[in-house]
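Peer 1: Residues per chain are reported as follows:
2 protein chains.
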Amino acid sequence: MVELDALISKLSTLGFNKVPVEHSAVENVEEWKKALGTVSNGLPENYVLTKTLIYKPKQPKSEPFAPVVIVAKDDTVFNSKALGTLLKFKDMRFASEDVLKDTFQTVKGSVSPFVLGNVSSEIIGNVRVVIDKALVNENNIAFHPLDSLRTVFISGPTLKAYIASIDGLEHVTELDLASLAGAAPAPAAGGSTKVAKKPAATEATVAAKTEESAGSSKLGIEASKETDFSKWYQQVVVRSDMLDYYDVSGCYIVRPTAYFVWQQIQEFFDAGIRALGVRNCYFPMFVSQRALEQEKDHIEGFAPEVAWVTKAGTTDLAVPLAIRPTSETVMYPYFAKWIRSHRDLPLKINQWCSVVRWEFKNPQPFLRTREFLWQEGHCAYMTKDEAYTEVLDILTLYRRIYEELLAVPVIEGVKSEKEKFAGGVATTTVESFIPATGRGIQGGTSHYLGQNFSKMFDVVVEDPEGTSTDRPKIHVHQTSWGLSTRTIGVMVMIHGDDKGLVLPPRVAETQVIIVPCGLTSKHTDEDRRRVTDACLTVEARLKKVGIRADSDLRDNYTPGFKYSHWEVRGVPLRLEIGPKDLEKQSVLSVRRDNFAKASVALDKLESTLEILLHTIQDDMLIRARKAFDERVKLVLKWDDFVPTLNSKCLTMIPWCEREECEDQIKARSTRDAINDEAEDEKEPSMGAKSLCLPHNQPQDPPIIPGQTKCVQCGHNAKRYALFGRSY
Amino acid sequence: MVELDALISKLSTLGFNKVPVEHSAVENVEEWKKALGTVSNGLPENYVLTKTLIYKPKQPKSEPFAPVVIVAKDDTVFNSKALGTLLKFKDMRFASEDVLKDTFQTVKGSVSPFVLGNVSSEIIGNVRVVIDKALVNENNIAFHPLDSLRTVFISGPTLKAYIASIDGLEHVTELDLASLAGAAPAPAAGGSTKVAKKPAATEATVAAKTEESAGSSKLGIEASKETDFSKWYQQVVVRSDMLDYYDVSGCYIVRPTAYFVWQQIQEFFDAGIRALGVRNCYFPMFVSQRALEQEKDHIEGFAPEVAWVTKAGTTDLAVPLAIRPTSETVMYPYFAKWIRSHRDLPLKINQWCSVVRWEFKNPQPFLRTREFLWQEGHCAYMTKDEAYTEVLDILTLYRRIYEELLAVPVIEGVKSEKEKFAGGVATTTVESFIPATGRGIQGGTSHYLGQNFSKMFDVVVEDPEGTSTDRPKIHVHQTSWGLSTRTIGVMVMIHGDDKGLVLPPRVAETQVIIVPCGLTSKHTDEDRRRVTDACLTVEARLKKVGIRADSDLRDNYTPGFKYSHWEVRGVPLRLEIGPKDLEKQSVLSVRRDNFAKASVALDKLESTLEILLHTIQDDMLIRARKAFDERVKLVLKWDDFVPTLNSKCLTMIPWCEREECEDQIKARSTRDAINDEAEDEKEPSMGAKSLCLPHNQPQDPPIIPGQTKCVQCGHNAKRYALFGRSY
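So the sequence lines, in the order shown, correspond to chains G and Y. So the first sequence is numbered by UniProt numbering: it starts at 1 and just counts up by one. So the second sequence is numbered by UniProt numbering: it starts at 1 and just counts up by one.
In isolation and in its complexed conformation, chain G is listed as follows:
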């Protein structure tokens, strides 16, 4: 990263001979001007302010990533679309926070031409830099060198010399940007002078905010689930108030609507494991390096993603501490201590916590986040049978969470050797599927760890069957199992539609939203009052029977606005109440999942709505299961394999279960996919992985041992395996 001293020293070799002036943090040009006005020393008599904008144009994915950096006079207005056309880019979009961080090592509010010095040698050759002609003859051009607390003044020639000094930078253009002014000026967001007092907005949040400020018509979802899934997903999770972006990349805010779903899962699962005798507890989030590295295979799987604490206050820690990526090595030293005799078995504990896995892949809300919420259960048994029974009991609970709470169908099975949990013996899993992208997604895993960890951590008891003189040590059989907030992402992806989120009633914080309607200027205040009272009465009656109902009585919004508002947020059922409904002693119900309308007699309100909510819940699962089933294709010859993937399906194949074969399947499906042009930019043409060996094996045709061959390699097939592209 560019350091201030290094930067100043570099600039000084380019004709720059002043020190930066310091001032208070500024948030916009007005404040910048004002702040500079208070500076007493080092200020030039005349100067111009600037903005540096970074775009990531939409490109065919065959082309390399080519960000565009615009360095402009602050008051230059230009048409970014026209600029895009000039540069031969179709769509000029502001770069996301991730691009700012990953490519330019900067954040909103600190952008200046000097961030070009941070770009890696692989990328710099593709960066386009555009310098506003209005700047090049200026003597004192103001930039924030590293943050908005300082300003340097450099001349046009120094600016150009600096840019010319960047190794590997090829595309630099001077342009009369003002000549590109047009009907659509660049949005104010993303300017150079906004400090990060308010959180750095990503592309998605900038868009959402801009539109939401612009009026009701833009509160909804614009992207199509079918044709622009990534953008659709981003819009849905943000605009439904499920989640917000956070100023630490890869971390997200789980907002109340989403957290409510998580609490429903917690309640259900807590009751389920309590019935199995599992008790909740809490272990520290910090792990010493020694404990972390006790189990070699296990740590190999996690080491590259471990976040390390090395400092407290201003003191360096004597020994760095890891933040748990999972708690096997946190807990099992204490299992060794607590388990002294077979009478201490089984030991069954669970904790609800967050874990940190600092992945460097693209983060995605709920699905891949650097910190996420989960539960992790850890149990120890005397025998394998007991342990494995529990592994499956837990898997059943996971399946029920998906199916009964989230209305998401899953396939239960066991992972291949390649895909199983690092350090365990067998990983069972529930696998789901996102029809819109044709990709499988792991829903939750329950591991049989065998005696591997108990040997590493010396968790032993004396054999109670032994004699008094001969009591051999037995290493306990262990399990661990985890389910995370990824569940919420899967639910959103499966049920959401082009109007926004669709929540299954069981996990919806608001199950029924009551909206007064049908009131016109012809109606009296008395009419209005009667409708309002009716809404409140209905709300109270529903709450009394345990239905989570709310009324939207805001008087400054139209019914239509309110309908959209709650549709985006996925409320399962809307009740419309107007004067005509009241005359008929009924209300109108509108389902979120299929927009079916029905009149509900007020005297049967509670019972009708209870049934209706159950019906919605059931229908959502039935519909999702149908979509899943249709996309799981039995594939019996290799030629059909990649085309099946490309038609957004999963494949069920007779498989040999060899790791080598799994690698070949991945390689062959990756290569073949590259020739396929149809895919969306955000869905890489990844190879297929084995998702699971389903517990429920297809029977038509059955696998005949020694006769049925593996679809890929021709070795003997052992079982059917579910393969697919996946998250």
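Rather than coming from a laboratory, the hints here were simulated on the basis of the structure.
Calculated pairs, DMTMM-like style, for lysine to aspartate or glutamate (alpha carbon to alpha carbon, straight line, at most 25 Å):
hint	chain 1	residue 1	chain 2	residue 2
1	Y	348	Y	463
2	G	311	Y	122
3	G	34	Y	458
4	Y	311	G	297
5	Y	455	G	27
6	Y	348	G	267
All of these numbers come straight from a predicted model, not from anything done at the bench.
Given chain G, put chain Y in place with the hints provided.
Peer 2: Showing chain Y alone in chain G's frame:
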């Protein structure tokens, strides 16, 4: 910290000329011998193994901390008590993990004489080193230089030269340790050759484990609550299975018994805040430096304790990330984003999470831990009145948690300016009291933040009362409030007795434990079966009415053992069922809180026990409140102030509320206290702080404005204030 290269280089200047040999990790002398047996190069023909033991003798607190380091031949057996007498120490106790870390920068299993090189210059002058005479003429003495994976062999003279080279070390003795052998050999734990495969045990856990292995008679609590409160507390929390020590100093494992209490608090509080319209959510644990430092007063309060993540995998982060010590600066940038209009107010959210405050003071289970669980609520309102109403509503919920769930009385009030939350306007608090030590303890705080944070983070709405042309910006009024697992420590300290934990029924995971008894060798198997069946029937009947009952049917323990077992663990009610009870169609109940026994007719089992559990709950609060009330003393002249503190009471004084006066009170009560010899070592003669200005002010005598004077300084008194020594 001593590094291997530096150590070897230092040793080489002292006559050492070999390289350390490497081997597998070893856990005891046998393994060490065996491991060295497999080393092919660099091994001397003859060598002796060693143990290095570190003690922290009990001392009068007027004397400086003086650890003792014993370097002995591994097979030298000596009497540590005799050694203590020789060194003029009363009680030779093994040093705790914290001492190993903080003073010697080492951990169990890595102790060697070389850790002396890690001791700070302030302490080294008080360290006593004892060298076993059996070593000084040896040629090849084996030590683990840094960990148990390596061994160096040095001669007696080199060892002595090394020890002599330590700057500032004054007390070095050679002793024929074997001559101190006696009836009480040093315990095996704490030896030099145990690697940290199992967690490093602290003094408390070593003791607990040793004793629990030794048989039933030592499962209970040995320390007296009255005379050795610190040790008593440590024993109770560990032996009741509430908590265990962890191998990262200042972090503890919250075991299921304690976590159950926390879940009861969560359930109660969640329902309470839901009724107030507060919604749960989850914000990331990481804070960027910029956000953290936005509010200056606030960060000043927390900066020295902030833990920093600087690395992920092997990659240095571009910008270090703080782990939240609290979430004001995490959340409020998003408040600024989400609150766009007065219609978005109030915004009320809460999260359950853990926070990290890396305190360098002595950690204490539940009370002062580097990571702890809590909830933090954050709300924003249009007006001060609304905000302050909520501050008090929350305080009421905190009081009810203490009183109704934990049977702990509290005093509600507001903090002095000096003690209030950094960055806020006013802090309300519930204050409790530990009679055994006479110290107050803050129970939970609810802050009115005013507009301070909203100004820093620019959380504004337009005044809805404004005209269409003049809508001034209003900064919102904010609150924040938090309650932590400290609650559990307070509950343990207040109710526990010399037999162990005493749990209030409402938060006890097991409310009733059923123990079969009265069976002798004269009874038949049929008798036994009848008693067992009766236990299970009673258990089932109680569970059916929602009483958390369990039966202890383990056949290898006596009833007496079981009584103690559940008494240590604080189960509120024991039912004893024997053949004679069954004849009378009754069972015997024994209360944990006061050991009162009563016969319970089986036909009135459920109703009797429901009443009994309520009575226990109520009695515990009444008893605790009486103890609290008796120790809050109205003090009207300064001469009584310190003597009142010294009699383990809190003082209620007319006070001027000036910060200067508060400082003076602290200074004067500290100085005066030093002359008092009676205090326990672990309770420093700290000065008194203001605990709160109680909402419920004493009326007899009332404060007469302009007339009543401050007890300390004679300025006009404004209100009564509660002062005391505190945690």
